[in-house]
Amino acid sequence: MNRFELLNLLQNTIQDELVICNIGLPSQELYKINDRPNYFYMLGSMGLASSIGLGLSLAVDKKIISIDGDGSVLMNMNTLATIGNRAPANYTLLIIDNGSYGSTGDQKTFTNERTSLKDVAIGSGCQNVIECSGEETNENLQKALVDTNNSYVIISKIKSGNVPIKPIPLNAVTIRDRFRKEIGLVNYL
Amino acid sequence: MKISQKIINNLKSGGADFFLSVPCKLLANMITILENDKDIYYSAIPREEEGMGICAGAYLGNKLPCIMMQNTGIGNSVNSIVSLLQLYQMPVVFLISYRGTPGEPVGAQGGMASVTEDILNTLRIPMLQCNTEKDLDKISTFTNHAKVIESPVAILCNFNLMKDD
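Protein chains in written order, with this note's numbering: chain S, 8 to 196; chain G, 13 to 177.
Hints in this document: simulated from the structure, not taken from any laboratory. Where hints are given, some of them may not hold.
[What the hints assert, rightly or not] Here are the in silico distance ranges between beta carbons for each label pair:
{"hint": "1", "chain 1": "S", "residue 1": "117", "chain 2": "G", "residue 2": "120", "range": "29 to 39 Å"}
{"hint": "2", "chain 1": "S", "residue 1": "130", "chain 2": "G", "residue 2": "143", "range": "39 to 49 Å"}
{"hint": "3", "chain 1": "S", "residue 1": "39", "chain 2": "G", "residue 2": "150", "range": "40 to 50 Å"}
{"hint": "4", "chain 1": "G", "residue 1": "52", "chain 2": "S", "residue 2": "81", "range": "44 to 54 Å"}
{"hint": "5", "chain 1": "G", "residue 1": "13", "chain 2": "S", "residue 2": "19", "range": "52 to 62 Å"}
{"hint": "6", "chain 1": "S", "residue 1": "139", "chain 2": "G", "residue 2": "150", "range": "28 to 38 Å"}
{"hint": "7", "chain 1": "S", "residue 1": "149", "chain 2": "G", "residue 2": "143", "range": "54 to 64 Å"}
Glycine included, C-beta positions come from ideal geometry on N, C-alpha and C.
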């Protein structure tokens, strides 16, 4: 299973949860599969999808899912410590770990070698850290979304590989406003 | 403590209700005040760039975030300011302890001090310089201004203003 197939599969599980999606191909694939206003596509700032979701989960009661990648988490690994100490129960971090920098040509990341994001997350204090295969991701995400008492970090190990895709045609402020409308904060759209 | 209390009061009256900090000894009193304030959210965080992301998320959830840091933190955060906060037009207040300004005992702070305002100018981030206690009266309006213009703004508190607080 590659990322495109995994993101496709998750569409049955994700309902009205607020999703912050990682830069580049993950967002582009998600947009192509099933564009929704409750999807916030992070167009720049590699590494910060996990942090944006954390900030949002501290501000609203709805369930938040940050969809991140192994390369991006490696870039902003300190945020796992913040998540480990501060994540509220409505926060789930889903790390799609394909062992490569997919958007830049599938160069290998350190999760292909000696680095285990599961161990880093546990060592950072994160609760309910689950490492699973792509096929097992849906059931683990469902478990996280029905649990109102705990935050989760799910590391989904999949194959690298991408589908041919175009940049997202939405501009950033449009993404922002339709997302905030989903939270009930915009009444002019 | 008087200066620190006044800064926090003015940030709050300007609408800031979500606070993060990467510590600085000049921010220590403000951090103590925030840790005991039940009306707002406060947390320390390990790195400023991450804080820009957390602030962005808090803004999406209707908070007016304020990140407190040394001016060195601006250097750690440039891409996240431009490619996240400014790209999506998100208001965030930067409350900056301006290390390396006159009175500073650590020579190594001089380098970032000499480029801090140039960086903020290049990023077109509105700045409020606080050199005296009277300048602090402008913080409330300036904080609200971030929300009005949907942009980050920077409040710079220089060394001598903070050192004896």
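Verification of the supplied hints:
no.	hint	result
1	S/117 to G/120: 29 to 39 Å	holds, 31 Å
2	S/130 to G/143: 39 to 49 Å	holds, 44 Å
3	S/39 to G/150: 40 to 50 Å	holds, 48 Å
4	G/52 to S/81: 44 to 54 Å	violated, 32 Å
5	G/13 to S/19: 52 to 62 Å	holds, 55 Å
6	S/139 to G/150: 28 to 38 Å	violated, 53 Å
7	S/149 to G/143: 54 to 64 Å	holds, 56 Å
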